[in-house]
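Visitor: These are the residues of each chain, in order.
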Amino acid sequence: MSQTIKLKKGFDINLVGKAEKKVTEIEQPETFAIKPTDFVAISRPKLLVKEGDNIKAGTPLFFDKLAEDIMYTAPVSGEVAEIRRGEKRKLLEVKILADKKLEYESFKKLSVSDIVKMTREEAAAQLLKSGVWPNIIQRPYGVVADPATSPKSVFISGFDSHPLAPDMNLLIDGQDQYFQAGIDVLRKFTSGEIHLSINNNDEISQVFAHAKNVRLHKIAGPHPAGNVGIQIAHIDPINKGDIVWTVHPIGVTQIGKLFLEGIYDASKVVALTGSEVRNPQYIRTYTGACFSKLLSGQLNGGHSRFISGNVLTGESVGPDGYLGFYDNQVTVIPEGDKEEFLGWILPSSKKISFHRSFGLSILKSRKKEYKVNTNTHGEKRGFVMSGAFEQVMPMDVLPTYLFKAIIAQDYDEMEALGIYELIEEDVALCEFIDVSKNDLQQILREGIELIRNS
Amino acid sequence: MKFIQKAFDSIKPNFEKGGKWEKFHTLYEGHRTILFAPDITTNKTGAQIRDAGDLKRMMMTVIIALIPCLIFGIWNTGHQHFISTGVDATTLDKFLIGATKVIPIIIVSYAVGLGTEFTFCVIRQHPVEEGFLVTGLLIPLVMPPAIPLWQVAMATVFAVIIGKEVFGGTGMNILNVALTARAFLYFAYPSQISGEVWTYFGDVPPVDGYSGATILAYGASAVANGTDLMTDLAGHWQADMFSFKNMFMGIMPGSIGETSVLMCLIGALILIVTRVGSWKIIVSVFAGAWIMGAAFNLIGANSFMAMPAHYHLVIGGLAFGAVFMATDPVSAAQTETGKWIYGFLIGIITVIIRVINPAYPEGIMLAILFMNVFAPLIDFYVVDANKKRRLKRATI
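Protein sequences, first through last, are from chains U and D.
As numbered in the working numbering, residues 1 to 454 make up the first sequence, in order.
As numbered in the working numbering, residues 1001 to 1396 make up the second sequence, in order.
The reader is advised that the hints may include incorrect statements.
Quick list of simulated restraints, FRET-style, between CB atoms [unchecked claim]:
no., chain 1, residue 1, chain 2, residue 2, range
1, U, GLU449, D, PRO1104, 29 to 37 Å
2, D, GLY1115, U, PHE341, 24 to 32 Å
3, U, ASP396, D, ARG1124, 34 to 42 Å
4, D, GLY1226, U, ILE407, 55 to 63 Å
5, U, GLN409, D, THR1337, 22 to 30 Å
6, U, GLY382, D, ASN1043, 17 to 25 Å
7, U, GLY382, D, GLU1336, 16 to 24 Å
8, U, ILE451, D, GLU1022, 38 to 46 Å
9, D, PRO1104, U, GLY382, 28 to 36 Å
10, D, THR1337, U, ILE83, 51 to 59 Å
11, U, GLY86, D, ILE1063, 42 to 50 Å
Quick caveat, the hints were computed from the structure, so don't treat them as lab data.
Model, not experiment: these values are computed from the prediction.
Glycine included, every Cβ here is placed at the ideal spot set by N, Cα and C.
Can you build the whole structure from these sequences, using the hints too?
Guide: The structure is reproduced here in structure tokens:
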């Protein structure tokens, strides 16, 4: 075991609505959906099914014409209920009316020793065909990995430090053999190490403790300590020309299950969180589950925002929206679409702030939980360099200069300032604390796309 | 508060696209957002919640930090008036007479400044931004109490237009806006902003033996005439006015808000605790000034150079400049390492200007403006070092 990496910079956003640590079995939603928009790099999705088709869990739904090998498949079996398109016929959602009892496409089932013997090509073929491959994210750019590349190393963050984030130990509880099999499969793709980071302050999950063929790192500190990008920067930073893969532990277990059981099992434990959820708890469902059923009888009422994911990086999908491919969390918080009399200056102990400007309590208790709405608390302004971004960025990157370079579309400068090391989630905290209320995650993505397409 | 909201709502159609006052849309928004924090919510993607702090609150914190200087400045203006005219007066009298001089300057500064700003908002169609909230108070505090109001107005217009709006508004300026106003007066009306503007007399003539000379003027004349500065100071008509303690308290003539180091330090404490101002800049300005003062002590070519180094920290506007001007996040160095260098050089240059160049007795103003110009260069090298670290890593 290597040394503990201690991070000082950052900020924990402590919100009301943490999920109670037990998993409830629920009646499953009728509909599920896969959204091509969850995968940032997909530019020309080609549909493989039409409305009314009967499909099994693992049946390909669509692929990207620019990366034809990678299939995006159904998480559950049933009937294709609707194909929803947006402006210019952009493919938004493939909705599936789920069977009560799921049927699975069958893939090759292997024993543990067979997995070890399997070649890289065999492993890749099964991952690509089954729809499990998109769990593998490639850095730079934060896109679904290119199967033709070999990463210098693979990173798995064993904890999530986002606001109200689910407890990873609960998400992967009892998945020991699948997790290990997933690691063994990933080993075939890299000659480097597989790094697994765990939270120094938490009890270590047995799944992680028993994992072999990985290098374990302990990380301590406030959010964004759990972000894999920050961990990469401290363990083995990405340089120009490097490729690194990252996989969420849930993705690793899905990979393992694909080979040990021969099925694409999209079931996952999801945390229902946020101040507007009556009983924040963990439930078991599948990728792409519809919110309305998950949250029925669970809402406090009032005008709320329904977020797939967490409050920093999630997406507002509405009360009938669907859980994103990569999300293990649903957050419901109040909308903040009300004016507030002298709200910009009156002191308040109910508002959460990284800053200590007048009226935002200076003596902050880390224990206090805040109920936060979606109000921006101010209008958009030009960048004012207060040096605050750097205080929530625990890596050797100068965010303000990078943002300026992106806005100026200066490719050399973006590269020199380390755009390869970042994706949206790494600057989400900067966006949160920004007094000028700029959309920094969006700016960063624009920069990444400029470089990626250059 | 519903009725105010309703009143705003009722006039809103006039300001919308196609309304008769469409052009003044930004002014409508500006006023409404002062009364009511807006109802804007976050985007569908990206951060779904935002920090409660915004630019308005940050600016307000600076204003609150300026209040001790302002209150002391009002009292001191009255106090200097009465001692120079040889009249005994109560504290209340001092406040009253001070207020009659200081309040009009503040009103002119805000009225003219905001007027200019609003005009630009309408012409350029950019939102009313909050930068002038602070600038509007900083300008009066660096003015001498007896300054004619029309000069305040001129300086403010110049500072807002040339100092800020031509660069694109709040956050885009290169030079500190309030100091631009002060520098404008200094160079446009040099004869009026030196001599007897530091004390307000009113109709009453000053008492016999009165001298309005500041310690910096003493320093310059000591160098010019080859006299001993400390002896000269002891011969001031108010013998203990230039004692270290008195200068620290700030009971002497000078610009309205800048005489009291104590009040500046209270302001500094507020800025540092609230993390609105950079402690690195504040500390390094003082450090730079003291070290340069000590260096001059070693040279000791004339009696101004031989003045104890710690005197430099309490004379002139050094403390006020260090706390409120140098820390302006827009015009200061923006990298953490850069802030140390930036502040340190301000301190050094201030003392060099004071001691070496008798034509410009007040060094802090020019030192900060000078370093404002060089701040991007300092940052360039700090950022460059970051890039080099990254490159070096890649080749390993």
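Visitor: Are the hints correct? Go through all of them and say.
Guide: Right, here's what the structure says about each hint:
1. Against the hinted window of 29 to 37 Å, the Cβ-Cβ separation of GLU449 of chain U and PRO1104 of chain D comes to about 55 Å, which falls outside the hint.
2. Against the hinted window of 24 to 32 Å, the Cβ-Cβ separation of GLY1115 of chain D and PHE341 of chain U comes to about 26 Å, which satisfies the hint.
3. Between ASP396 of chain U and ARG1124 of chain D the Cβ separation comes to about 38 Å, which falls inside the hinted range of 34 to 42 Å.
4. Judged by the Cβ atoms, the range 55 to 63 Å given for GLY1226 of chain D and ILE407 of chain U holds: they are separated by roughly 57 Å.
5. Between GLN409 of chain U and THR1337 of chain D the beta carbons are some 27 Å apart, a value that agrees with the proposed interval 22 to 30 Å.
6. The given range of 17 to 25 Å is respected by GLY382 of chain U and ASN1043 of chain D, whose C-beta atoms sit roughly 19 Å from each other.
7. Between GLY382 of chain U and GLU1336 of chain D the C-beta distance comes to about 21 Å, which sits within the given range of 16 to 24 Å.
8. For the pair ILE451 of chain U and GLU1022 of chain D, the beta carbons lie near 41 Å from each other, so the given range of 38 to 46 Å is met.
9. A hinted range of 28 to 36 Å holds for the C-beta pair PRO1104 of chain D and GLY382 of chain U, which are about 32 Å apart.
10. About 55 Å separates the C-beta atoms of THR1337 of chain D and ILE83 of chain U, a value consistent with the hinted range of 51 to 59 Å.
11. With their beta carbons about 47 Å apart, GLY86 of chain U and ILE1063 of chain D fall inside the hinted range of 42 to 50 Å.
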